[in-house]
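Protein chains in written order, with my numbering: chain A, 621 to 933; chain P, 35 to 289.
No lab work stands behind these hints: they were computed from the structure. Hints may contain errors.
[Claimed, not checked] Over the 12 Å line for every Cβ pair with chain P, so calculated as not near, a few chain A residues:
| hint | residue |
| --- | --- |
| 1 | R698 |
| 2 | S725 |
| 3 | Q770 |
| 4 | A836 |
| 5 | A927 |
[Stated by the list, open to error] Listed next, the in silico EDC-like pairs over lysine to aspartate or glutamate satisfying Cα-Cα at most 16 Å (straight line):
| hint | chain 1 | residue 1 | chain 2 | residue 2 |
| --- | --- | --- | --- | --- |
| 6 | P | K44 | A | E718 |
| 7 | P | K36 | A | D696 |
| 8 | P | K44 | A | D696 |
All C-beta atoms, glycine included, are put in the ideal place defined by N, C-alpha and C.
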Amino acid sequence: MHELALEARALTKRFGKAVALDGLDLQVHAGESVAILGAGSAGKSTALRLFAGLALPSSGEVLVHGVRSASRAGLDARGSVGFVPQEPGLYLWMTARELLEFGASLLGMNRRDVDGAVGDALERVGLADAADQTISAFGMPWRQRLSIAQALLGAPELMLFDEPLEWLDGQGQDDALAVLEQLRGAAAIVLATSDVDLAAATCERIVVLDQGVALAAGPATAVLDSVGPRAYVFELAPSEGLAQAGLVARLASERWVRDVSSVNGTLRVEVRDERRAERELLPAIVATGIGVEGMRRIRPELDEVVARQRADR
Amino acid sequence: MKGYRPLLEKEVVELWRSYRLAITCGLFVVLGIGVTVLERYLPAITKLFGQVDAELRIGKTGVPDLIEALVRTLWLFGPLAAVLLTMGAIAGERQSRTAALVLARPISRAAFVWAKFVAVAMVLGLATALAVAAAWLYASILFGGLEVLPWIQVWLLAWLDAVAFAGITLAASAAFASPAGAAAVGLAAFGAIGLASTVVTLNPWLPTGLGELAQALVLNELGPDVDPFRSVAASATLLGAALLFAWLRFRRVDL
């Protein structure tokens, strides 16, 4: 296995005068997960199609496992790449099983291994019971599940996901997230998304893309923390109003807290210093003796992330 | 061409399940029988509607009339079937995004284009063979025993004519993202070649010239002015150029 699962060198794609992707440099190591975070027309899908060999760059190049994508050897290298497009394109006249068997035959899989691989892929996306149904009868959530299943065939070493949760229902999203979790470490993952939470939850590194330009790239926490103060929301167990008022007053006096409020047992704390908050916030609450029933971190919105990175350039 | 075989298998299954194979073959069988029966009984049919007008010169019809009618029919319906079968071959897969599903795998674009062409060519080959076989069978019954070899030559020439238009439409299907656009180009080519064929010196260089050749072969009227190699080579070259264009164009298409 090559050290770099994917490498993009000064990758540029133009459509006429419009520049969809402008000189993207990216290295994805084997087993690493990277999110390409950006808004609707940031160039994420274009980047993924270039990585998958479905489009030719205007300049620059893509290397998959150290092999130029546009070469004959690059064609072979696609056997170890799984691609989940934003909108699933499936042969509607096939059954789910037939589609995966066809996908396996395109990979040149051994006939003996096909049944097992197809069954496993269907199982992972929760479609085992619908294996022999015609795809035309599937709604979009099931089609997206099947699209993920076909990408999993052949245990790819590089997985490209383009907005994988977009068409999925709640259960489908849980299944897809479970698949992503299973893949982490086992395969390199490139995830194109506009969902900050998804990027932060599933990827180690984030590349922020805006109008085809990579504004920032780095560890997920560093990129998101650079945006500014974050907020934590706690659901507190019923307690004396005095105790809660004391907690609010105490937190408000901390320098690393920007703002704090408490309404109907919900405590919202906006922080200036993310690291101190992670270290001190929860112990500070627990020390008051008030029970904590739930906690969540409010992440920055995508436009906040992009605006911050634009300002930093 | 990496991945050609599974692609061709998929194409054949798709043609079968979508009923395109059965409908095309059924239509051509009906055409082969219909042309023969109509030619044989045309005088009787016209008599049913009254006295045969001497001006119409419908007397007793024979094998030459049948061959002329059969060639006219195959050289009309063959290209039309070719255009209809091929128009969505690549453009349709681009629209439905299934081309991306296939070509994200280690499959060459040449294999993709070639499998499409071979599948359509197989259907056209079978359909034209069935039409000619049906016509030969009925002609043997209605007009007496006929040699088989010239009819096989008619079939091969009709097939080449049809696949030439399939090649042109496939090239258009690779160039445009819309099946309707590809069909428009295929039909425009059919019209343009039909018009050009009215120029006597040009016709032997066109797929329409194959029809003239087919008639001459089956009626054993191959004169010194008819060069079988020229017409076949010209249509084969047109087909080859169309397929080459389809591949060159499609290999640079973004999916």
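Results for each hint:
1. Annotated as non-interface, R698 of chain A brings its C-beta within 12 Å of a C-beta of chain P; the closest such distance is 4 Å.
2. Against chain P, the non-interface label of S725 of chain A is violated: not every CB pair exceeds 12 Å, the least being about 4 Å.
3. Listed as a non-interface residue, Q770 of chain A fails to keep its Cβ farther than 12 Å from every Cβ of chain P; the least gap is roughly 7 Å.
4. Annotated as non-interface, A836 of chain A keeps its C-beta farther than 12 Å from every C-beta of chain P; the closest such distance is 27 Å.
5. Against chain P, the non-interface label of A927 of chain A holds: every CB pair exceeds 12 Å, the least being about 30 Å.
6. Taking the CA atoms of K44 of chain P and E718 of chain A, the gap is about 10 Å. The hint holds against a cut of 16 Å.
7. Between K36 of chain P and D696 of chain A the CA atoms are separated by roughly 9 Å; this keeps the pair inside 16 Å, and the hint holds.
8. Proposed proximity of K44 of chain P and D696 of chain A is contradicted: the alpha carbons are some 21 Å apart, above 16 Å.
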